[in-house]
Amino acid sequence: MKYPKFLVAAAVFYAAIMLLSLVGVLNGYFMIIINRSLIFVILAVSLNLINGITGQFSLGHMGFAAIGAYVSGTITTLIFKLPLPHALGLAEMGAETVFILAIVAGGAAAAFIGFLIGFPSLRLKGDYLAIVTLGFGEIIRTIVNNIDYIGGPRGLLGIPMFSNFTVIFAFAFLTVVIIRNTIESSHGRAMLAIRENELAADLSGVDTTRYKVTGFAMGAFFAGIAGGLLAHLISLAHPTQFGFLQSAMILILVYAGGMGSLTGSVIAAFLLTFLTEVLRLVIDWLNGTVGIPIGTEWTMVVYALILILVMLFKPEGLMGGREAKILILPRKTK
Amino acid sequence: MKVYAKIAAIGAMVLGLAACSSGPKEILIGGVGPVTGAAATFGVSTKNAYEMAIAEWNAKGGVLGKQIKLDFADDKGDPTEGATVYTKLIQQDKVVAIVGTVMSKVSLAGAPICQAAGIPMISPTSTNPKVTQVGDYIFRACFIDPFQGTVGAQFSYNTLNAKKAGVLFDNGNDYDKGLAEYFQAEYTKLGGTVVDYEGYSTGATDFKAQLTKIVAQKPDVLYSPNYYQDDALIAKQARELGFKGPIVGGDGWDSPDLVKIGGSAVENCYFTNHYSKDDTRPIVQDFVKKYQAKYGEVPDALAALGYDAMNIMLDAIKRAGKTDGASIRDALKATDLAVVSGQVKFDANRDPIKSAVVIAIQNGQQVYKTTVNP
Chain R
1 MKYPKFLVAA AVFYAAIMLL SLVGVLNGYF MIIINRSLIF VILAVSLNLI
51 NGITGQFSLG HMGFAAIGAY VSGTITTLIF KLPLPHALGL AEMGAETVFI
101 LAIVAGGAAA AFIGFLIGFP SLRLKGDYLA IVTLGFGEII RTIVNNIDYI
151 GGPRGLLGIP MFSNFTVIFA FAFLTVVIIR NTIESSHGRA MLAIRENELA
201 ADLSGVDTTR YKVTGFAMGA FFAGIAGGLL AHLISLAHPT QFGFLQSAMI
251 LILVYAGGMG SLTGSVIAAF LLTFLTEVLR LVIDWLNGTV GIPIGTEWTM
301 VVYALILILV MLFKPEGLMG GREAKILILP RKTK
Chain Z
1 MKVYAKIAAI GAMVLGLAAC SSGPKEILIG GVGPVTGAAA TFGVSTKNAY
51 EMAIAEWNAK GGVLGKQIKL DFADDKGDPT EGATVYTKLI QQDKVVAIVG
101 TVMSKVSLAG APICQAAGIP MISPTSTNPK VTQVGDYIFR ACFIDPFQGT
151 VGAQFSYNTL NAKKAGVLFD NGNDYDKGLA EYFQAEYTKL GGTVVDYEGY
201 STGATDFKAQ LTKIVAQKPD VLYSPNYYQD DALIAKQARE LGFKGPIVGG
251 DGWDSPDLVK IGGSAVENCY FTNHYSKDDT RPIVQDFVKK YQAKYGEVPD
301 ALAALGYDAM NIMLDAIKRA GKTDGASIRD ALKATDLAVV SGQVKFDANR
351 DPIKSAVVIA IQNGQQVYKT TVNP
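Residue numbers (my numbering), protein chains in the order written: chain R, 1 to 334; chain Z, 1 to 374.
If you're looking for bench data, these hints aren't it; they were derived computationally from the structure. Every value quoted in this text rests on a predicted model; they were computed, and no experiment measured them. Hints may contain errors.
[Stated by the list, open to error] Pairs of lysine to any residue residues, derived as SDA-like cross-links and limited to a Cα-Cα distance of at most 20 angstroms, are as follows:
#1 Z:K94 to R:L22
#2 Z:K25 to R:G288
#3 Z:K294 to R:P293
#4 Z:K69 to R:L286
#5 Z:K25 to R:K325
#6 R:K325 to R:S185
#7 Z:K260 to Z:Q365
#8 Z:K130 to R:F80
#9 Z:K130 to R:V290
#10 Z:K94 to R:V25
#11 Z:K25 to R:W285
#12 Z:K66 to R:G288
With these hints in hand, go ahead and build the complete structure from the sequences.
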């Protein structure tokens, strides 16, 4: 029992949401917002591992999500829509098992590409790395656009809607736990050392290239998982969902939450996803009940304004570099 | 603990607002469109048209003795956002039907949600054939990509008498690619030769490399089924390279900016469209006049189709006599209504059977050229 409090908090959260959804307080609309928030948690926490913990600068995070979405989406679509795999007995393994294996396969594919990209490009620093990752994200998008087998610019359609709250929650929980454990391990310490001063880390005997590539591939793995979950939530994967703007959105979550703080990333993912919907409801309410005619386009104005205010008054992000107590490993006292 | 208090406060707000709903004296219709994001101008025209159609019905006493209320949601042109707002309209606001949305990729995210909930949906402008294939609750008010590409080919081969065609399209965009593919298929079937079939990547502004190659093959016609910014630049650069023949496109050409960017280069150009403002049918003239009076601009095809989609839906509810999903769906299937973009009936795939118009650019003006029937 390494994380008693964190486990309890997660279990309570899960049970509360399930209960509220069963009795009908939380309808499908709230569930989709919660599911989206949890997918953003995975994306933000995994990008935080690359940008906040290892101190690299990746701008192509959604490129990895695209790999996960397309790989897992293609696998499940093939298995459940075409007759051939039925003959091979694959579909009889049970939808859940196949789905989870497909999601993990998507993550693994993203991690593999992350490794390939990371190995040569992580010798670069700062701006140069940002440009390489930005370019990578665009390359993925362009490749996907040009493969007709997976829908090309029309997108991969008809992916079975397997993502539900339980699966997404389980993956989000595992992501936070695994990344948290990594940070607390000697590997994580090496990554933090690279962030603080790469030259000093190198001189202290840290194999900087190895840890940078490890961090990058791990982040890519979880981004791939998130991409797969998203594709199975909305039943399609479209190249425009994984562009530079979306990558920047994840970067915003990491900065708004606080670089290097997993708690911050989790909170920012929930707050900013809910904020859009709350603003939508407020405008509906102003329009309908109060009678002030305001266009829906104002949600984006207020959203941007709130982000600016956060950055002005809390430039280090909501959590700064700190973690919530329940996420901190208990120290062994001698 | 401050953060937890904030989360709790926001949660309470959301739940509090959730309690608000409209009274039983109204019929709530969901409307979806991208009023922010890259396709914002499309969304604004569409939203205007929804509102105008509803205001007209309400002035005539509403439907089934009740007033219609539009519950509009912005999808930002993003599929994930689309899935969210479709779920919101159905589960949270409990609309009886949804009119929307503009972009195919977003409609494709919304359609499975409507189908699962048994809520009828009609998209004004999603041209991807897959949208209505999602299920029997999904309809559309526009013709599909294959039809427009086919009409473009027939017009080029038969009316313009062009035997050799060059095709240049954005291969990062499903709309452009769909039209180009179906143009090529039909044109070849008719006996014409596609001398060059070239793609470019989204966002390009210099098309001279591809155009030089195309012009060297001496085509009689150039097919450019892209959005107007690209088309105008393609026309300009093709003229600079000495291409004098006609250029043909699709409804992506329909924008006042086409002539502003293209200038004299877009003369001798034609495009297929959903309606023409010069159509003399009274329903069209009436719509153009009212839209201009209300919003101060000539309605584009998106406005016309948004208006049509809303009218088709409200007409179906009126004929159904009830507001449950299955009744509205059955009434929609039996639609036979004269709307701005023609006489609409649905085929077995719930796609409308209707004609396309061809518009020519003459002296910087859009001029109605001909109507092509399917």
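Hints and how they fare:
Annotation: proposed proximity of Z:K94 to R:L22 holds, straight-line Cα distance about 19 angstroms (limit 20 angstroms). Straight-line distance between C-alpha atoms of Z:K25 and R:G288 comes to about 14 angstroms, which keeps the hinted pair within the 20 angstroms bound. Between Z:K294 and R:P293 the alpha-carbon distance is near 16 angstroms, which keeps this suggested pair within the 20 angstroms criterion. With a C-alpha separation of about 15 angstroms, the suggested pair Z:K69 and R:L286 falls inside the 20 angstroms cut-off, and the hint holds.
Restraint check for Z:K25 and R:K325: the C-alpha separation of about 52 angstroms exceeds 20 angstroms, so the hint is violated. Restraint check: the Cα-Cα separation between R:K325 and R:S185 comes to about 18 angstroms, which is no more than 20 angstroms; the hinted pair holds. Distance hint between Z:K260 and Z:Q365 is fulfilled; the C-alpha atoms sit about 11 angstroms from each other, no more than 20 angstroms. Of the pairs offered as hints, the one joining Z:K130 and R:F80 holds, with about 18 angstroms between alpha carbons and a cut-off of 20 angstroms not exceeded.
With a C-alpha separation of about 40 angstroms, the suggested pairing of Z:K130 with R:V290 is violated against the 20 angstroms cut-off. For the proposed pair Z:K94 and R:V25, the alpha carbon gap of about 15 angstroms is at most 20 angstroms, so the pair holds. Taking the CA atoms of Z:K25 and R:W285, the gap is near 18 angstroms; set against the 20 angstroms cutoff, the hint holds. Of the pairs offered as hints, the one joining Z:K66 and R:G288 holds, with about 17 angstroms between alpha carbons and a cut-off of 20 angstroms not exceeded.
Comparing the model with each numbered hint stated earlier shows that hints 5 and 9 do not hold.
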